[in-house]
Amino acid sequence: QQQVKQSPQSLIVQKGGISIINCAYENTAFDYFPWYQQFPGKGPALLIAIRPDVSEKKEGRFTISFNKSAKQFSLHIMDSQPGDSATYFCAAKAQGGSEKLVFGKGTKLTVNP
Amino acid sequence: KAGVTQTPRYLIKTRGQQVTLSCSPISGHRSVSWYQQTPGQGLQFLFEYFSETQRNKGNFPGRFSGRQFSNSRSEMNVSTLELGDSALYLCASSLSTLGYEQYFGPGTRLTVT
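Top to bottom, those sequences are chains V and E.
Residue numbering for the first sequence follows the working numbering, starting at 1 and increasing by one per position.
Residue numbering for the second sequence follows the working numbering, starting at 114 and increasing by one per position.
No false leads were mixed into what you were given.
Over the 10 Å line for every Cβ pair with chain E, so calculated as not near, a few chain V residues: (1) Gly60; (2) Gly83; (3) Ser85; (4) Asn112.
Restraint ranges, calculated between C-beta atoms of paired labels, are given here: (5) Pro40/V with Glu214/E: 21 to 31 Å; (6) Asn27/V with Gly116/E: 26 to 36 Å; (7) Lys58/V with Lys126/E: 37 to 47 Å; (8) Gly129/E with Glu59/V: 41 to 51 Å; (9) Pro40/V with Gln157/E: 11 to 21 Å; (10) Gly129/E with Lys68/V: 47 to 57 Å; (11) Pro52/V with Gln131/E: 39 to 49 Å; (12) Ser135/E with Lys68/V: 35 to 45 Å.
The set of hints was computed from the structure by calculation and includes no laboratory data.
If you're wondering where the values come from, they're calculated on a predicted model, not measured in any experiment.
Beta carbons are placed, not taken as given, at the ideal position from N, Cα and C, and that holds for glycine.
Construct the complete structure from the given sequences, taking the supplied hints into account.
Have a look at this one:
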């Protein structure tokens, strides 16, 4: 049972363009939604995160949009750069005492120069 | 502040052997979680420790076990290794407060032959 569905699987964007990655979840107990960036040979790095009480969060070129009623959230990367080429994972954590994250399958982003 | 460290970084074992992986969390972090990352299954939660107690466990066989020490360092053990255990094993630490942020180490690449 995949609790967090991520799309697309891969994405190619030109330098300066906007990259958009979407995620949908099923479990209404989720109350924390982080995005991670992973380069080959490295561990995932926390990029940005949001909680359901806000609809949007922006940090630099990275923005999370959150739609609680649709149970969807997305990552927007503005002015995409070749250095942004990596695999991006959305995740979700349920409220309660556990730190367990449920991850999407990942999106491999390639930004062409 | 130093990040999450994992040792060893690479490991090659044969089927039937057992292996122990180590994780040192960020100083002050009391929660440690372990994840298995494979191309087919993505990032899957193994278990989580807080104050030396296992707080949550994923859907993995009993061959996978772990523990946490009083200094918050954690180890995971896999006994009777199978070819399918080949994966990147990631450790993540957090303060385990309302902050929620989890930070990953670089992982241990385990190859079972």
